[in-house]
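Residue numbers (the numbering used here), protein chains in the order written: chain V, 1 to 541; chain Y, 1 to 345.
Just so you know, these hints were derived from the structure itself, not from any lab. This structure is a prediction, so every number in the text was calculated from the model and none was measured. Glycine residues also receive a C-beta, built at the ideal position from the N, C-alpha and C atoms. Keep in mind that a hint or two might mislead.
Negatives, chain V to chain Y, calculated, CB over 10 Å [as the list claims (entries may be wrong)]:
(1) Leu-299
(2) Phe-484
(3) Pro-504
What follows is a set of in silico ranges between Cβ atoms, one per label pair, in the way DEER data are often shown [as the list claims (entries may be wrong)]:
(4) Asp-194/Y to Thr-237/V: 34 to 44 Å
(5) Gly-55/Y to Thr-289/V: 30 to 40 Å
(6) Glu-333/Y to Val-528/V: 17 to 27 Å
(7) Lys-224/Y to Ala-158/V: 54 to 64 Å
(8) Gly-100/Y to Phe-244/V: 18 to 28 Å
(9) Gly-330/Y to Ala-308/V: 24 to 34 Å
Coverage of chain V stretches by chain Y, computed from C-beta distances (three or more under 8 Å per stretch; other residues unrestricted) [said to hold, decoys possible]:
(10) 190 to 198
(11) 390 to 397
(12) 429 to 443
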Amino acid sequence: MAFAARPVRPVARAGLGLLALVPVAFLVVFFAWPVLAILRRGFTGGGVAAALVDGETWRLAGFTIGQAAASTVLAVLAGLPVAFVLARVRLPGAGLVRTLVLVPFVLPTVVVGLAFRALWPDGGVLSIVLANAFFNVAVVARTVAGLWSHLDSRAEDAARALGASRWRAFRSVTLPSLRPAILSGAAVAFLFCATSFGVVLVLGGARFRTLETEIYLRTENLLDLTGAAALSLVQITAVLATLFIGAVARRRRETALKLRARKETVRRPTGGEWWVVGAAVAVLGLLLTPIVALLLRSLSTADGWSLAGYRALATTGTSGTLQVSGWDAAMNSLRTATDATVLALLIGVAAAAVVVTLRRSPGRTSHGLAETMDAALMLPLGVSAVTVGFGYLVTLDALPGDLRRSPLLVPLAQALVVIPLIVRIVLPVLRSIDDRLRQAAATLGAGPVLVWREIDIPLTLRSIVSAAGFGYVVALGEFGATSFLARPQTPTLPVAIASLISRPGELNNQMAYAACALLMLVTAAAVVLIDRFGSGRMGEF
Amino acid sequence: MLRTSLVLGLVAAMATGCTLVGGSDDNAESTVTLVTHDSFAAPQQVLDAFQQQTGIKLEILKKGDAGALTNSLVLTKANPIGDVAYGVDSTFASRALSEGVFDSYTSPEADRGPQRYAVDSEHRLSAVDLGDVCVNVDSNWFAEKNLPAPTSYEDLADPRYKDLLVVENPATSSPGLAFLLGTIAKYGEQGWQDYWTRLKNNGVKTVSGWEEAYSQDFSGSSGKGPRPIVVSYASSPAAEIGDDGKPRTKALLDTCYRQVEYAGVLTGARQPDKARKVIDFLLSQQFQTTVAENMYVYPARQGVDLPAGWAQAAPLPPNPATLPSDQVGGNRERWIEQWRSLLGQ
């Protein structure tokens, strides 16, 4: 394959450098600089080393990793049957499954935490694990389904013809092929579970704490930046390790994918497969339980059923809890998420293009650069929102116009969370384009820009649309950074829900739950649009 | 179909308004930035009236709860994010003062009541409101059980009220911390741990936030939880008035801890003169009459009427406990740690 890797020409190299400048500059200014500024303050105080050897730090790390591992295992176990249904089954309602499974993703963690508390009042660790899995079944199901639907089913059929039981054929043929996707999905789910904040805070009560909740507490409440810096170091190390494992898994998947042609493998389930479908339905039922509980809450009052909460969406809550109405907050959410998605698309697609080009170039340096950039793009998922938020406060005034007070900060911060997901979706598709197509175009006289326009963009457009949609959903649900940066005259729905729920009074409570229903509806609509117009394949995470 | 999707996408994007361009409203001189906490709420008419009277447009910036607000101010003291701040409470005041976040200013309105809650001799912070934290009880629950409702700290440790109390974690909740401080003020450095051991033996339930405690575990709120005693605010019963006009819940006035919320001009404010006008406004009759209705707190100014119904449902606690701000600042972390190990958490 050595001849396939062509040297990067000087002009192309300059172009690549320019293209790389956008994501690199964004990450440096809006992520690395603020985070390092806060960590530096922690280090100048001294005592980070002492905090690092403190047994408490490692107890926290142990619990964080333990609960995240348990949640991930559960998410994988629950996600696999759903993935099977998404990838292999032709049944009415499969499209609905695809939509429903993503809805948990946007729900504000406070609300989900309260819903889980209502269902399991003294759940403790169990309810934390269940709630984290609840959020991440979609990650696993969609990642695995992405590969599963491309997997050649003939190998499994051959095994069956040779006398293997269905289970045996799955275990020794299909499962090994799915392994890379499962590991890759599990890595992202693990990342989300390890850094989940609201759920642990609400469900952990005073008993259970993780690195993330403790970083928040030390930074936001105690202003113990030294302790927070030590915990952040531990967390970032854990995240990098997870990313490394995920990257290794992805590389194996890439080679696996090359061997198999895409094939229409969807069919009606037969025999024992119905058990799997049944399991998927059971998982969906469990996913829907907290959602239905929320909907019921939005409708019930002391005097029976009522739409008062929904009617209240047109108001600002009891005695002006919000500065704008619920509908205005919904419009703000849509607007901000649009901005964040557009921004994240520009940066994420540019970053994915740079990583792919670097990987294709010969030489260890460019490969190393590609891997570094790939990891750096994922890092925002592993750093506490409060660290980024406080980092903005101490750095962004150095930029012209004092960005710290700008309404632009909200979409910028949301984009930071969306970019990693966009990269994970677009990158594999970009990578799977046969380089010979590009070479042929170049031989025929097309310059690099024309090659992009005629080859890469048309071939990846669908995955870009699908990435945009998924990013939109994530931006809609983002709470951590948004709540710290949003201005009261322009709250997003999750921020408004949090304000409403922190006030006494039945109507505020009901309006909060009605706003949740609205958020779910908007999300479901967005997901339907993605799947209608996007590729339907979510790629890897 | 792809083309349709693109067109649709574009239309949707335009409909929702791509606001990447524009939106910044730094129209200079007349705008003063007020940095405050998440609970800030005021009627737009009152803010508009202030703008008409003074020509000052208030830009409001919320930075989390009182703790996050204080820390934001401390971190940005070299180049403050606003001109004036409101919402630093008595628990965090000492940190803000020792870090030099605020400049001195004595408002002409201060002697109308706010002065009673002054926290430092240099007049860097002016008291705006009082948000007392008290134990709340579900009156109906006790009436149905034919059990007299508890009235004091001692009652909460009484076996008659076993497994009925839910409190917030002082590490993660502001009312939770206030309640802990209240017990320290009552039983002293020597006795509070003993009291909490008794509470623990009497089945106290601890949760992380007010939302869980009040809206979910408390039986007197719309959540209809299992526990009829909760740590909340003195004003909470005002939000729980039944159809008959009677409050369903009651604050126990002997279990209250006073949290005063302050405002001050930020050191290095771009517009210190206008910032002082904002302090005057926050202490004015005009603004003070709105705080009860909008933020569920009590005005610091004297002679301000409370909303109808508050006299019966949520009177201002007459003798709440307090601890000096510097004592709280110096011991808070240790107390919380001790509380954590005491409750085995």
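A quick look at each hint next to the structure:
1. Leu-299: holds, 13 Å
2. Phe-484: violated, 6 Å
3. Pro-504: violated, 4 Å
4. Asp-194/Y to Thr-237/V: 34 to 44 Å: holds, 42 Å
5. Gly-55/Y to Thr-289/V: 30 to 40 Å: This hint is violated: roughly 55 Å between Cβ atoms.
6. Glu-333/Y to Val-528/V: 17 to 27 Å: violated, 50 Å
7. Lys-224/Y to Ala-158/V: 54 to 64 Å: holds, 60 Å
8. Gly-100/Y to Phe-244/V: 18 to 28 Å: The hinted range 18 to 28 Å is violated for Gly-100/Y and Phe-244/V, with Cβ atoms some 45 Å apart.
9. Gly-330/Y to Ala-308/V: 24 to 34 Å: violated, 48 Å
10. 190 to 198: violated (count 0)
11. 390 to 397: It holds: at least three residues are needed, and the segment 390 to 397 of chain V offers 4 whose Cβ sits within less than 8 Å of chain Y.
12. 429 to 443: Our answer is that it is violated, as 0 residues pass the Cβ test (under 8 Å) against chain Y, missing three.
Violation of the numbered hints given earlier is confined to hints 2, 3, 5, 6, 8, 9, 10, 12; the remaining hints are satisfied by the structure.
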